[in-house]
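There are 2 protein chains.
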Amino acid sequence: MALVITRMSTYFLRTLREDPADAELASHKLLVRAGYIRRMGPGLYTWLPIGLRVFEKVEQVIREEMDAIGGFEMRFGSLLPREPYEASHRWQDYGDTLFRLKDRKGADYLLAPTHEEFFTLVVKDLYQSYKDLPLIIYHINPKYRDEARPRAGLLRCREFSMKDSYSFDIDDEGLKVSYEKHRVAYQRTLERLGLEYTMVRAMSGAMGGSRSEEFLVEMDGGEDSFVLAPSGFAANTEALRIPAPDPVDASGVGPVQVIDTPDTPTIDSLVAVVNERYPRADRPWTAADTLKNLVYKVTDVDGAESALIIGLPGDREVDEKRLVAAIEPAQAVPFSEADFAAYPQLAKGYIGPFKAGVGQVLGENAPFRIRYLVDPRVVDGTRWVTGANEVDRHQLDVVYGRDFTSDGVLDVAEVREGDPAPDGSGPLKLARGVEIGHIFQLGRKYAEALGLKVLDENGKLVTVTMGSYGFGPSRAVAVLAEKYHDEKGLAWPPQVAPFDVHIVAAGNQEEITQAAEQLAGQLDAAGVAVILDDRKERPGVKFADAELLGMPTIVVVGRSLADGVVEIRDRATGEIAKVPFEQAVGQLISGSTR
Amino acid sequence: MALVITRMSTYFLRTLREDPADAELASHKLLVRAGYIRRMGPGLYTWLPIGLRVFEKVEQVIREEMDAIGGFEMRFGSLLPREPYEASHRWQDYGDTLFRLKDRKGADYLLAPTHEEFFTLVVKDLYQSYKDLPLIIYHINPKYRDEARPRAGLLRCREFSMKDSYSFDIDDEGLKVSYEKHRVAYQRTLERLGLEYTMVRAMSGAMGGSRSEEFLVEMDGGEDSFVLAPSGFAANTEALRIPAPDPVDASGVGPVQVIDTPDTPTIDSLVAVVNERYPRADRPWTAADTLKNLVYKVTDVDGAESALIIGLPGDREVDEKRLVAAIEPAQAVPFSEADFAAYPQLAKGYIGPFKAGVGQVLGENAPFRIRYLVDPRVVDGTRWVTGANEVDRHQLDVVYGRDFTSDGVLDVAEVREGDPAPDGSGPLKLARGVEIGHIFQLGRKYAEALGLKVLDENGKLVTVTMGSYGFGPSRAVAVLAEKYHDEKGLAWPPQVAPFDVHIVAAGNQEEITQAAEQLAGQLDAAGVAVILDDRKERPGVKFADAELLGMPTIVVVGRSLADGVVEIRDRATGEIAKVPFEQAVGQLISGSTR
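Note that the protein sequences, when read in sequence, are chains D and W.
With the first letter of the first sequence counted as 1, position 402 gets the number 402 in the working numbering; the numbers rise by one all the way through.
With the first letter of the second sequence counted as 1, position 503 gets the number 503 in the working numbering; the numbers rise by one all the way through.
Hint data in this document are derived by calculation from the structure and do not stem from the laboratory.
Be aware that a few hints might be false.
Where chains are identical, the list cannot tell them apart; a pair therefore holds if satisfied intra-copy or between any two copies.
As the list claims (entries may be wrong) - Calculated lysine to aspartate or glutamate pairs in the EDC-like style (CA-CA distance at most 20 Å, straight line):
#, residue 1, residue 2
1, Lys57, Glu73
2, Lys57, Asp67
3, Lys124, Glu18
4, Lys102, Glu180
5, Lys29, Asp125
Values in this document were obtained by computation on a predicted structure and should not be read as measured data.
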């Protein structure tokens, strides 16, 4: 079918000279400058006409791969009543991230973050038997999350597009099959889009469920940190579980010594003091020998507040994102001065699990009555330099398992390049990426909360097991722009380019205009999507715009037309071919990816 | 391209035996029963897979006709910041109909009812010169209105789909051209969809602007009332302006007489009493000779309250929708007992504009100090029977222009079949319909509010003039279902049918299954969209479902296959053709609309 030729003289497209002030990433800068997207508010973007074309191509690839695994497309709305989200606890668990509103009658509604609840209900509504299963249904829809820090253009928006699909199976085996189908669909989708990816083990977060993996595209500006083991194992740092070292024989360690440590405001100054005054026989003390005890105020989802102390080696910081992931839906903030005032038993800067003459003081059942969780590296027999619970005093040789224990393990310390992989395959590599897809084995959480049961082969009601699978088309556009650009602008791969060919009429002479129009008409008739720069602009402006806009092929109809020749430029490689005008269409069609 | 054959054995589709409890209209009942849509909450619907196919076909027709008039598709989000809607006054003017919400920082947002403000801003952002104009841009997007009474399935939803386009022109002439283009696009769209329509003059309502027309599809259950004149003139009853009759010579009418009228609680009883005791010389008194004065409490958009009395002939009621349209964004409710208590000067049931011994009492500058507006039929010289402002008393021969005047005209009485057309062409016909499209000449309201100016030919900044044009694809689906069904179910026209051919495998014998599969495969390969009923169900169940689902062509592969024959049924006409199996594909392809 012949398409409509898009003429830049009338197209609703304006390129900008300046980068947007709030942009750091190239994708954000270029998509705005080239007129693909426009900011409407914090974390809110508009697709301008040329951008919508890219978005829809990406969406179509996703749709085709979902259909290929037997998914059925449908469409829910975004404005949803509260009750089902109350039943699943997400109404509470999502906290401030959920956009909530009331209708004119005062009834509670929300803007969908995802649709697990309503997909569960529609299946409950229509299905009764195991014979109806398995089922995969999906939609591609706007989603809403009131992000605390929307950023990076399309990468972290408050309103964004998501393909979310849901699988329904009678048993765990079935769920595995549905999950595997999605894995394959996502792999195919990312390959078709031209995006290299890493699949990483992930946390399920507020979604619930037992197993989940993220599809990450490695990228410097990415928000997700992940680790790669020599074995190929990869995990989101939130999902990584640090291997606990073996217990240590501490039989030779002397008793706890209380030492004076004035003027040691930092771990480094403390280490210097103990090395100077209490040198260790085998090797110098290091920051990793100190036990840092950090105090947090934890707020439960029901609003209850409590104190939590986290003990971890002094050379490590708490990774905020790992902490959030480990305790959500509860939230934690470091103790303020006011909080410390309410706990006079805590000597700020000198907190330790043990107190000479008292014994263990930290822990739910210990004298201070404060929950105490430790890093997985704090194992039996490890000896620590830690606070003495008195100002200007520390203790040496406080041994875990001998002098103190904990209420449990909390694995939230920062992960470092070179840390041992949990599978023992060697040192971890650290990388950053953007999450494009996320697949979850939800299990029965939503089906149980909402009563989705079907009759099994024996006529008994059983709860259905579910998976949920997200893929972000708008985020994929940003990542494509990030991966496919150079200093001159965007350089789309053909499968997602808004147009196949960008024709530049380089000159206002009648014969150039006519030749460019003729070429555009012939390509259009052949089903090639053409954008024609027919503006009354200098050739330099047109060339710069063509490079900024990033169509795979640029055809210049200009001065060389006098010799019967046009230039065909490959945007990605920069290669230029001079081609006789009459052969141009044939060559472009054979080279077209359509 | 070969499509995927949809098999009913696995398709996410269940037909229901019962009509939904809340449904009155056939379209609502059938779309739910046939599994096209599902209710999610009040005024909130989900497209199930088969329904989404119809919706997307309708959407595509609209898109193609918008592209044909040079519109550029883009896409705004639905979650919008308050400020631009504050500037246009719609934040206030939309009242309870606007869904409002706050983000985590307390900033105000709304869910878009339409996008005039943001389209204005994006053009302001990118355009500077008259040379950039004219421009038509559009999107197809969910819209949100917190309707007081959502009803009739897809006909009045709180979340619904709309194509809204916006035109930008340098002058009024340009606006007329853009408006006319949309008229043509809408006519083509409705013709392609197979919907007969009436274009009616309409009110602009909260949109503002000078001229607007609605595209209505006539339908008994429709919410819009409109009138048709013999001349072809048509108007929404809200937009109809009743012609004022000529003044009457009242020189022969005697002075006002106060009469005792106990026990006349109704207009009819009053008319009976005056006919009995004060007969009129020329003809009996009728209800149309009485002047009814109704008291309303009006609430302005800024919350200020005031009283309003509407004087209209006693044989007419106030049409609530006309009243709403006439005074919005203010709102009016009839006076309560408590309201009357605050206005002791008003003798409820006996209110009149004139009081013997006092003179005119109603009106902003008259003794009662209450704004008084009258029906257009209350013209100079008309004589009225009306209240005497004393309990149990009325007045005869109160003459407009002689005894009283008003603060103005308010044309909100019900319109009746047979009323004279405003263009003098004869009696009006009344009809009901559903609004599918609405086109507005907005003028400069939004451009002024938001500062959209461009440089004209003389380098002077001038304000752009705009149009806005809505079309409802989801509502169109409901109207199509309403127009194309019979007692057995839906009967889609081919251009919007979810599938072209519905193959019923009527019997579980291997040869029937195989033949049905073969037929489906061949049709699919030829690009015909097929739904194949391969379920293990009785043929009767399958036939009933095929008729309920409503594909244009039903092919029955059943017992007659033994004679080498299949049945091709036309769903709309009921015609049945027996066709040799080998010829079936050929015949179906040549009959296919694709």
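Hints, one by one, checked against the model:
For the identical chains of this complex, lysine 57 and glutamate 73 are neighbours both inside a copy (17 Å) and across copies (14 Å), given an alpha-carbon limit of 20 Å. Proximity of lysine 57 and aspartate 67 under a CA criterion of 20 Å is satisfied in both settings, with 15 Å inside one chain copy and 18 Å between copies. In this assembly of identical chains, the alpha carbons of lysine 124 and glutamate 18 lie at most 20 Å apart only when taken from different copies (17 Å versus 53 Å within one copy). In the homo-oligomer, the alpha carbons of lysine 102 and glutamate 180 never lie at most 20 Å apart, since the shortest distance is 40 Å inside one protomer and 40 Å across protomers.
In the homo-oligomer, the alpha carbons of lysine 29 and aspartate 125 lie at most 20 Å apart only across protomers (17 Å), although the nearest pairing inside one protomer, at 46 Å, exceeds that limit.
Violated hint: 4 only; the structure is consistent with all others.
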